[in-house]
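Assemble the whole structure, with the sequences as input and the hints as a guide.
Those protein sequences? They're chains A and B, same order as listed.
For what it's worth, numbering that gives the first Met the number 0 labels the leading residue of the first sequence as 0, then goes sequentially.
For what it's worth, numbering that gives the first Met the number 0 labels the leading residue of the second sequence as 0, then goes sequentially.
It is worth saying that the hints were derived from the structure and are not from the lab.
Here are the simulated EDC-like cross-link-like pairs (lysine to aspartate or glutamate), alpha carbons at most 16 angstroms apart as the crow flies:
hint, chain 1, residue 1, chain 2, residue 2
1, B, Lys100, A, Asp292
2, A, Lys343, A, Glu329
3, B, Lys162, B, Glu132
4, A, Lys343, A, Glu387
5, A, Lys338, B, Asp190
6, A, Lys338, A, Glu387
7, A, Lys372, A, Glu337
8, A, Lys372, A, Glu336
9, B, Lys88, A, Asp314
Away from chain A, derived, C-beta distances all over 12 angstroms, residues of chain B:
hint, residue
10, Asp34
11, Lys55
12, Leu107
13, Leu136
14, Thr148
From the three backbone atoms N, C-alpha and C, an ideal C-beta is built for every residue, glycine too.
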Amino acid sequence: MTALGKVFRTTTFKLTLVYLTVFALFAAFLLGYFALNTRRLITEQITETVDAEITGLSEQYRQGGIRRLVVVVDARARRPGSSLYLVTTFNGEALAGNVTALPPGVLDNPGWTETTYRRLDEAEPPEHPERPEHEHLALARVFQLPGGFRLLVGRDLDERERLYHIVVDAGRWSIAIVLVLGLAGGLFVTRRVLRRVDAMTETTRSIMAGDLGERLPVAGTGDEIDRLAENLNAMLERIEALMRGLKEVSDNIAHDLKTPLTRLRNRTEQALRTAHSEPEFRAALEATIEESDGLIATFNALLMIARAESGQFGDVREFDAAEIANDIGELYEPLAEEKGIVLKVEASEAAPVNGNRELVSQALANLVDNAIKYTEPVDKAANGAMPEIVVRVLNAGDRILLSVSDSGPGIPEADRSRAVERFVRLEQSRSKPGSGLGLSLASAVARLHGGELTLEDNHPGLKSVIALPRGGPVQSVG
Amino acid sequence: MRLLIIEDDRDAADYLVKAFREVGHIADSASDGEDGLAMALDGQYDVLIVDRMLPKRDGLSLIGTLRTKGIATPALILSALGQVDDRVKGLRAGGDDYLPKPYSFSELLARIEVLARRRGGREETVLRVGDLELDRLSHEVRRGTEEITLQPREFRLLEYLMKHAGQVVTRTMLLENVWDYHFDPQTNVIDVHISRLRSKIDKGFSQPLLHTVRGAGYMIRDGAR
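This is how it looks when you write it as structure tokens:
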């Protein structure tokens with residue numbers, strides 16, 4: 000497509016054309032109206048003047064007869080810039096006046112007429128008497144005087160015509176100028192806009208080709224194109240972040256599933272190679288089932304995190320977080336006791352939360368499970384007090400805090416924020432059983448509910464806190 | 000027990016048919032929703048095993064149609080969609096139990112047997128296994144002449160086990176029915192609760208009643224029988 004063709008096709012240029020047409024039509028109408036009205040006004044003025052003169056002259060005739068009329072007309076006719084006068088006898092013989100070369104028959108019809116004429120004081124045209132520039136146009140009235148005389152009074156129309164033509168010419172010129180300037184301006188604006196849009200199109204193409212790091216140019220004028228570019232850039236930013244997240248997720252999924260799958264395969268292969276008796280095969284098969292159960296657990300956890308991350312709530316209702324803490328405490332208490340750990344639940348106050356009870360239960364269960372896994376039981380002989388894990392539910396203003404504190408090794412401060420990121424696992428957690436995705440899931444559940452999971456130092460140990468927005472009917476939904 | 004397996008994955012269906020035959024049940028299979036519905040309408044089955052996503056007619060609609068026609072054959076829904084809300088949807092559509100894929104055969108078998116038994120079962124006030132007695136109204140438990148004090152949750156655990164005396168009860172079934180949780184608690188917390196319960200009802204008695212079924216779950220039964 001040619002550059003000009005491109006310009007013609009743009010919205011800006013089409014708009015320019017539309018505006019230009021409308022404006023030109025309006026200007027033409029205005030000027031035409033003005034011209035016609037001027038013309039009408041001048042005609043009216045002439046009519047009035049001529050009527051007044053005829054009234055005056057017929058009065059003179061009535062008082063002094065034809066003789067007096069002739070004298071008066073002669074006097075008036077000689078004044079510079081005078082009107083046109085002609086007094087004739089009934090058979091058309093001129094008695095006085097300053098007009099000649101009237102077309103025949105003009106004087107026979109009394110009333111208004113537009114006619115060509117020549118002034119008497121003008122020189123006779125030497126060669127071409129019919130040439131129109133020596134003939135003038137006049138608006139005249141023929142008046143029948145008593146006694147057969149005729150009186151013609153008129154005014155020259157040249158002025159009127161000249162004015163009319165000036166206005167019409169001005170109209171033509173101004174419309175032409177408007178068209179030219181408008182078109183030029185439209186082209187200029189269109190090309191400017193087009194250049195910016197072209198730049199954006201160019202960038203968009205390269206983004207589509209895969210370079211998500213590119214951004215649209217912003218001119219800094221703050222106009223609508225800039226705003227559009229800024230919004231598109233914000234959108235790109237978000238898309239890039241999501242893509243990064245997705246890549247991280249798929250990398251982690253690949254790692255989390257491929258590692259146990261490899262283990263599974265190796266073990267089966269080894270059994271085929273080395274096992275010779277039925278009990279050996281049976282043991283290998285049992286180990287395989289165990290490994291695949293672990294794989295399923297990991298897969299379920301990943302799926303669940305992905306669901307929570309994508310904002311799928313499932314069953315939402317109001318529930319009491321304190322009740323959940325007590326239930327989970329009760330579920331895990333025997334396990335803790337078996338390991339020589341005291342599991343305490345401090346949740347006496349009702350703590351309403353709106354959300355998915357099952358998911359929050361699971362998140363808390365994961366934290367408690369982790370705490371039990373990482374708390375080393377003290378040597379009973381060393382008469383040390385039993386280590387404690389405390390599950391606490393607190394009402395903190397508009398938030399409900401569910402915390403699990405242990406006295407285990409904790410997580411180094413540098414790793415804490417990373418530990419709650421989606422799908423991130425700390426290296427050392429891999430040595431323990433379980434999918435190792437507990438913190439990620441708890442964090443995803445907290446985020447799904449509009450809250451967050453934070454990890455704090457428990458001096459010693461780890462304090463994991465799930466902060467959830469306080470729910471319940473009292474709270475208006477924000 | 001006669002079972003109908005409605006599953007479009009032929010390998011999985013064949014495997015189930017074979018496995019159920021091995022443990023002494025009769026199993027037929029249908030590979031799409033329309034066939035399955037026609038066979039189930041004959042009403043000759045004790046339990047239906049219905050895959051949720053089926054060609055021609057999906058599992059939920061199949062069960063819904065059966066229920067509106069007044070056929071109450073217990074149905075277990077198998078589904079790759081294992082989330083809580085999917086499960087709720089399945090049960091609301093008229094399913095009696097819900098098992099997410101992948102499942103273990105022992106889990107499926109345990110649930111099927113519970114479903115088949117439930118059909119004719121009536122609710123008894125006092126449950127008895129051997130000399131163990133549980134009163135569901137007064138919440139009293141005694142073994143022989145000895146009164147046993149249980150925590151509320153331990154009571155519910157024992158109640159569930161005794162209700163299904165002689166049947167295998169899996170850990171997931173216990174977690175679902177006694178604790179009302181549908182997630183995997185990673186560490187096997189149920190085992191610890193069972194061993195606690197066992198120490199209360201079996202300790203000091205020559206005849207243990209609460210048995211561990213390897214690779215499947217637990218069972219309470221009168222060993223003397």
